[in-house]
Every structure is written in C-alpha cells, then in structure tokens.
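Number of protein chains: 2
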Amino acid sequence: MSPDSLVSFYASSKVIVTGGLGFIGSNLVRRLVESGADVLVIDANIPNTGANAANLRGIEDRLRVKILDLRDAEEIAPLLPEHQVVFNLAGTVSHLDSMTNPLCDMDANVHGQIVLLEACRRHIPKARIIFASTRQIYGRPVSCPVDESHPIRPIDVNGIHKVAAESYHTLYHQVYGMPTVSLRLTNTYGPRMRVKDARQTFLGIWVSSILQNKIFEVWGGHQKRDLTYVDDAVEALLIAGACPAVQGCVFNIGGSLPITLTSLAECLVSVAGTGAFAIKEFPPERLRIDIGDYFADDRKFRQLTGWAPRFTLEDGLTRTIEYFRDCLRDYV
Amino acid sequence: MSPDSLVSFYASSKVIVTGGLGFIGSNLVRRLVESGADVLVIDANIPNTGANAANLRGIEDRLRVKILDLRDAEEIAPLLPEHQVVFNLAGTVSHLDSMTNPLCDMDANVHGQIVLLEACRRHIPKARIIFASTRQIYGRPVSCPVDESHPIRPIDVNGIHKVAAESYHTLYHQVYGMPTVSLRLTNTYGPRMRVKDARQTFLGIWVSSILQNKIFEVWGGHQKRDLTYVDDAVEALLIAGACPAVQGCVFNIGGSLPITLTSLAECLVSVAGTGAFAIKEFPPERLRIDIGDYFADDRKFRQLTGWAPRFTLEDGLTRTIEYFRDCLRDYV
Numbered sequence: 001m002s003p004d005s006l007v008s009f010y011a012s013s014k015v016i017v018t019g020g021l022g023f024i025g026s027n028l029v030r031r032l033v034e035s036g037a038d039v040l041v042i043d044a045n046i047p048n049t050g051a052n053a054a055n056l057r058g059i060e061d062r063l064r065v066k067i068l069d070l071r072d073a074e075e076i077a078p079l080l081p082e083h084q085v086v087f088n089l090a091g092t093v094s095h096l097d098s099m100t101n102p103l104c105d106m107d108a109n110v111h112g113q114i115v116l117l118e119a120c121r122r123h124i125p126k127a128r129i130i131f132a133s134t135r136q137i138y139g140r141p142v143s144c145p146v147d148e149s150h151p152i153r154p155i156d157v158n159g160i161h162k163v164a165a166e167s168y169h170t171l172y173h174q175v176y177g178m179p180t181v182s183l184r185l186t187n188t189y190g191p192r193m194r195v196k197d198a199r200q201t202f203l204g205i206w207v208s209s210i211l212q213n214k215i216f217e218v219w220g221g222h223q224k225r226d227l228t229y230v231d232d233a234v235e236a237l238l239i240a241g242a243c244p245a246v247q248g249c250v251f252n253i254g255g256s257l258p259i260t261l262t263s264l265a266e267c268l269v270s271v272a273g274t275g276a277f278a279i280k281e282f283p284p285e286r287l288r289i290d291i292g293d294y295f296a297d298d299r300k301f302r303q304l305t306g307w308a309p310r311f312t313l314e315d316g317l318t319r320t321i322e323y324f325r326d327c328l329r330d331y332v
Numbered sequence: 333m334s335p336d337s338l339v340s341f342y343a344s345s346k347v348i349v350t351g352g353l354g355f356i357g358s359n360l361v362r363r364l365v366e367s368g369a370d371v372l373v374i375d376a377n378i379p380n381t382g383a384n385a386a387n388l389r390g391i392e393d394r395l396r397v398k399i400l401d402l403r404d405a406e407e408i409a410p411l412l413p414e415h416q417v418v419f420n421l422a423g424t425v426s427h428l429d430s431m432t433n434p435l436c437d438m439d440a441n442v443h444g445q446i447v448l449l450e451a452c453r454r455h456i457p458k459a460r461i462i463f464a465s466t467r468q469i470y471g472r473p474v475s476c477p478v479d480e481s482h483p484i485r486p487i488d489v490n491g492i493h494k495v496a497a498e499s500y501h502t503l504y505h506q507v508y509g510m511p512t513v514s515l516r517l518t519n520t521y522g523p524r525m526r527v528k529d530a531r532q533t534f535l536g537i538w539v540s541s542i543l544q545n546k547i548f549e550v551w552g553g554h555q556k557r558d559l560t561y562v563d564d565a566v567e568a569l570l571i572a573g574a575c576p577a578v579q580g581c582v583f584n585i586g587g588s589l590p591i592t593l594t595s596l597a598e599c600l601v602s603v604a605g606t607g608a609f610a611i612k613e614f615p616p617e618r619l620r621i622d623i624g625d626y627f628a629d630d631r632k633f634r635q636l637t638g639w640a641p642r643f644t645l646e647d648g649l650t651r652t653i654e655y656f657r658d659c660l661r662d663y664v
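Protein chains in written order, with my numbering: chain A, 1 to 332; chain B, 333 to 664.
In isolation and in its complexed conformation, chain A is listed as follows (with noise of 0.2 Å):
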C-alpha cells in the first residue's frame, strides 16, 4: 500500500495505540496523528519501560491519553466501543528483568494481554487488532535467515510470555474470527527509544554514551543482527491494520542487511562523527541469554504487502543521532 492510500486509510478511523507513550507507538501515533486518525493512546507508564512523556510532546491536544494498565478490566471496557483499529504494543521486553521477576514480566505481556483481547471480544469483535511481536520467541536461530516455521525456543521468561501473548492473538482470530495479525520485529531503533539503559535495545545506550562522551561497550562484537528503522516498523504496522490479506498471521518484519555488531558500533561512530567503544567478553548473566547471530526472513510479509524497508542503516542512524543530539536530557 502507498503511504497515500494509508493516509486515507487511516483519516477516519478510531485507533487505540496500547504502549503509545512507549518507542515504537508513540513514533506510530504520531504517524496516525498527521494522517488524521482520531487516536486513544493506553499507557500504564510503567518504569524503566519505553513510556516517556516526552515522546507525545508537542502532539498531547491532537489525541487521547489514557494511563491505565492493561489488567483493569472494568476501566478498558468502556474505552473500546467504536475503535476500529488497534495496535497493541503494551509490554515489557527487559530480558534480565524477566529473569530477576518473572511475576512482574507475566502480569505485564501476559495477564494484560488476555484483558484486552477479552475485553476487545466483547465489545469490539471486529477491529482489526496488530500485536507487536518480538523475533525474541525464535531463541537462538538453528540457522539465518530465520522464516516464521523456525522452531519457537524463547530463552528467557520474557521470550516465553511474548509467546503466549502472541499465541491469544493468533487462537482469537482462529476460534473468535477477529481480524488479528502478529508483527514479529526485530531490533528496531530510532528516535524516542529508549536510551538511558539496555533494557529495551542494545543501541539506545550506545547512543546516549556517545552524545555523552562515554566510552560504550559492545558485548561479544561477533554477533550478527538485522535492524529495523523505527519509521519502517511503524509504516509495516499501519500496513498490517489496513490490509485484510494478512489478517490472522505471523508475519516476521526485517529491515537492513546484517550486521555484526563490531560494524554496527563503527558505523553508529562514523555517522555521530564522534564516540568510541570497547569490545567486551559477554558479562555471565547476558551470556546465558544470548542468542548469537539473528536475521530475519520477512519474504512473506514483503511479498503480501508490498512493504519494505525505505531507509538504510546510516540514514536510520543519522536521524536517531539528530534526535537524541537535539533532547538528549528527556531521555537519561
């Protein structure tokens, strides 16, 4: 689909955006924002998640925020009436934090998770409703690149909770007919990510040690990944809450070629025009949950839809250096 036909798609409808303070929805609300969609934005605004105010600055009068964890069944219900789209992107993806409290990731992707599609049963059968799933679920890939009959093998408790999560989205189109489709996506970065830690990407505390002069480490360097630049993440989601043809898939969702990690901090150098790293043995309790190589197949989801990815990896990273150069202070 064109980016002009998604527009109209999209200027008359009700959409609900779960996570939409977070990296990825609040990029994707803004994107539903300028095409004229009418936009419910569900947070819990949970710490050391995405979520950050900052993220909807500037657009706050232009849609609805509802901080609300997804668990309150009676406070969602009366949300949904009317919503014809909604992107479902509320979740935790802290590894290690799943490993410390494993309680806490299941309440968040997976209690959460059966609430709205419940509640979405109930009152809204018919929206269409995008989840975004995670290549995390493959575990370590038996080879690359990896299509979605690869094996699923999550090597952490966050890995098995996005499982089930995707799993509800999928038997709900099976056994209800709602118009479902899964997103897994792989490491996506870009503006409004999250850059005080690793908790939600590896690069997002590269970034913010170069804009901060600090030497940052890369764990291994050997490793391969393909990486997706925040704005091709948002248009394959606003493509999959419009096209019909996908609805209850699983569709992978890829992006530049792959990388080893080594060349992916040279390169995030290079464009930055500053900065420096050093290359580290894997810290015991990453290695443990690591996952070698990863690059994904996204053939299927190519084919169907037309997507593709528009921007390669220095464009991606040039612009999320801008942003993060520009208001780095939200963001630490």
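Derived from the structure by calculation, the hints contain no laboratory data.
What you are looking at is a predicted structure, and each value in this text was computed from that prediction instead of being measured.
You can trust all of the hints, since none of them are fake.
Now the stretches of chain B that chain A is said to cover, found in silico as 3 or more residues with beta-carbon under 8 Å:
| # | segment |
| --- | --- |
| 1 | 425-437 |
| 2 | 443-451 |
| 3 | 483-494 |
| 4 | 500-509 |
Note that CB positions come from ideal geometry on N, CA and C, so glycine has one too.
Starting from the known structure of chain A, fit chain B onto it as the hints suggest.
Here is chain B on its own, set in the frame of chain A:
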C-alpha cells in the same frame, strides 16, 4: 529401570507431588508411598479439577497433605527444603473452561508454576522436577505419529498456558542448571480419573455413563487417539525422576496402539459387559478446539530409559471399570 530399582530409589527419598489429590497425582502418590518414600502432597483442591479426597483414601496417615495454592509463595517456600524430587502435576486441563475463563486458567497454570519454580530455585535448586506436560501443546497434528520436534501450536488457552509452563521448566534447566524434565502425556485414563464430566478426559464421562446405565455420546468417532493407562504414566514419571539422562529434556509419552473413538467406545462397552453409545456430530463449541487425530511417537523416551507401557487397552479399561464399579459414588 526395573520396578525394583525404582522402589529402592524412592524408598529413601523425600518427594513432593503437586496436584497429588488429582487423578495421575494420587496414583503416583500411592506408588511412592508403597515404595517407602516420604511424600508431601501440595494441592489447591480446586473445584472442577481432578482433585478428590477419595483418591488418597486409606493412605492418609502415611503421607502429608497440604491444601495450598501454588501462587502462595510465602506458604510454599518453607515446605520445600530437604525434598529431593518434585513431581509437578498441579494444574487445570479443561479446554472449554480455559476459553470461558482464561484468567482463571492463567492463575492455575502459569502464575502458580512461576511461583513454584522460583521457590525451588531459591530453596532446593538441586531437586529433580518432573513436569506433567501434555500433547495438547501440539494442537492439530500436521501428521501422526507426533514426535517432540512437531510444531507447538496450541488451539486453546489451556494449551497456550501449558506451553508456557513447560517452557519455564526447560528454561530453568538451561539458565540455572536445575534438573527439570517434562513429559508430554497423551490421553491418560484409569482408576481415580474424573468421571463426573469431560473436563479431564472424554473417557471419564463414558465410564460413569456406562455404570449409571446411561447412553454416552461419541463426538465424531473417526478420530484416532492413543491412550496411556495411568500405571504406565506413573511408571514413566517415576523413571523420569530417577534417571539422570533425561534431565533438561522433554519427551512424549504414548501408550496403546492408535484407535478410533468409535472402536474405543466399542471396546469399553465390551469389557464392561454393558453400555450403549450414540455417535453425534461435534457440538460447535467443541469442534473449534478439536485436534483431529493424535498419537505419539515416544521412541525417544523408550530408547533412553527402557520404559514401555505394560498394560494393553483391554487390561486398562477392565481395571478402570472394576475400580469405578466399586466406588462410583465418590466420583459423581
């Protein structure tokens, strides 16, 4: 392992059985008590599950029973020390209940499992933990027999939660080195199963109908299934707890040769010497979560441990009918 060597292994063991008031749990407890094991049963005694005080009748003074929800971390923790083996059979298995109340299913099968495993990690990290997983996690088989590499595609909420529960066990082995093992049980039947309704197994309601001179319904009838007599499942669990080679793995447990439901009904009527059934179309709410044919390829467990089922279907059904003929009043 021979029955004798199992007896001597467990004779001096302190063992926990979660779900020990239930069908498989209570049969396991009886074998353990006979072997001389020091047994603690932890069971939430949840209505509409397999829990039934009659299941432990006659041996109450030879074991300890704690009525307790696994979610109660403060109560669970002090019970664990000094136990060497945990047979983790607690949970609900009703597919329909999980669809009508997914949060209840999460509480029983996800939340409780996290609390138990975290408590074991802290207090008895070297204890062997044997988890009763289920064929339900495979969903509709691509082809039969189904081995352990078959895709995991549960088709109800209960299946999604059993995937999560099994995954925790595998993860806690990988990350913390805890000696866990999961057995994916197929349709298990025998004395002490729930016969009041089809919540645990369709065979239950068949047996109680025959013994109450009611016609029972066979839905579909052409679907093939394998069945495990409970003593064979108990033997597999005991071996899994005693055999170091199985740690960290998941195994299918099958049983008798595949049989269609119609032939199974005929066989049951034959061994009972009475009874009648009617073939019915699948009710719509069952059809959407039916899995078609299933039978397990369990060669991995057989080859590694020497286990094989010892009861023919006729033997197992005969023993089952005899048991419930004597004490049906305790189960309906």
